[in-house]
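Residue 989 in my numbering sits at position 55 of the sequence shown; the count goes up by one each step and never skips.
Hints should not be assumed to be uniformly reliable.
[As the list claims (entries may be wrong)] Label-pair distances were calculated between CB atoms; the ranges are:
#, residue 1, residue 2, range
1, K1042, I945, 18 to 24 Å
2, C1053, S971, 26 to 32 Å
3, E1051, S970, 27 to 33 Å
4, L976, C1053, 27 to 33 Å
5, E972, C1053, 32 to 38 Å
6, E1039, M935, 16 to 22 Å
7, Q1020, E956, 20 to 26 Å
8, T936, A1040, 15 to 21 Å
9, E1036, R1014, 15 to 21 Å
10, T1050, T936, 32 to 38 Å
11, E956, P982, 17 to 23 Å
12, E979, A1040, 17 to 23 Å
13, I981, Y1009, 17 to 23 Å
[To be verified] 16 Å max Cα-Cα, derived EDC-like pairs, lysine to aspartate or glutamate:
#, residue 1, residue 2
14, K1042, E974
15, K977, D947
16, K1042, E938
17, K1042, E972
18, K977, E938
19, K1042, E968
Derived by calculation from the structure, the hints in this document are not laboratory data. Where is the CB? At the ideal position from N, CA and C, for every residue including glycine.
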Amino acid sequence: MTIERIVIPVIEDAGLNSRLSEHFGRAPYFMVIEMSSEGEILKVEAIPNTSEHFGGFGRPPDRILQLNPTVLITYNMGPRALNMFQQARVTVLRANALTVREVIEAFKRGQLEELTEGCRKARSLF
935 MTIERIVIPV
945 IEDAGLNSRL
955 SEHFGRAPYF
965 MVIEMSSEGE
975 ILKVEAIPNT
985 SEHFGGFGRP
995 PDRILQLNPT
1005 VLITYNMGPR
1015 ALNMFQQARV
1025 TVLRANALTV
1035 REVIEAFKRG
1045 QLEELTEGCR
1055 KARSLF
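Sequences and hints are given; from them, build the entire structure.
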């Protein structure tokens, strides 16, 4: 059985009801969802964002890569962060819903587009 490890930046720790963060790097939490190839959710865990944006160390992409994701779902991100994920072979998809539950359902149905270009408005943090 193949397991997808999906990371989604969120503004709260409310499990599948957590709302997605509009700011990828400034999300207070990263929701980690482990899902079987059959679409069964095996695990849901909120990981605090301990990057330098929250008084910790490292950049948000580095923090997420430590979680070993296969997929990252977000509204948008800057070009440098996107490039880091592409080089690490993490699939980055554009979110199209407000909650983790809704975006996971869209993912299961194949309704999320791949994010291929970073947001030029994103402030460079690197």
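Comparing the hints with the structure gives:
1. K1042 <-> I945: 18 to 24 Å: holds, 23 Å
2. C1053 <-> S971: 26 to 32 Å: Cβ of C1053 to Cβ of S971: about 31 Å, so the range 26 to 32 Å holds.
3. E1051 <-> S970: 27 to 33 Å: holds, 31 Å
4. L976 <-> C1053: 27 to 33 Å: holds, 32 Å
5. E972 <-> C1053: 32 to 38 Å: For C1053 against E972, whose Cβ atoms are near 34 Å apart, the range 32 to 38 Å holds.
6. E1039 <-> M935: 16 to 22 Å: holds, 20 Å
7. Q1020 <-> E956: 20 to 26 Å: Hint holds: Cβ distance 22 Å, inside 20 to 26 Å.
8. T936 <-> A1040: 15 to 21 Å: holds, 20 Å
9. E1036 <-> R1014: 15 to 21 Å: At roughly 28 Å between Cβ atoms, R1014 and E1036 fall outside 15 to 21 Å, so the hint is violated.
10. T1050 <-> T936: 32 to 38 Å: The hint (32 to 38 Å, Cβ to Cβ) is violated, given that T1050 and T936 are roughly 24 Å apart.
11. E956 <-> P982: 17 to 23 Å: holds, 18 Å
12. E979 <-> A1040: 17 to 23 Å: Roughly 20 Å apart at Cβ, these two residues keep to the hinted range, so it holds.
13. I981 <-> Y1009: 17 to 23 Å: With Cβ atoms ~19 Å apart, the hint holds.
14. K1042 <-> E974: holds, 10 Å
15. K977 <-> D947: Given pair K977, D947 holds - Cα atoms ~14 Å apart, limit 16 Å.
16. K1042 <-> E938: holds, 11 Å
17. K1042 <-> E972: holds, 9 Å
18. K977 <-> E938: holds, 11 Å
19. K1042 <-> E968: holds, 13 Å
In summary, the structure is inconsistent with hints 9, 10 from the numbered list given earlier, while agreeing with the others.
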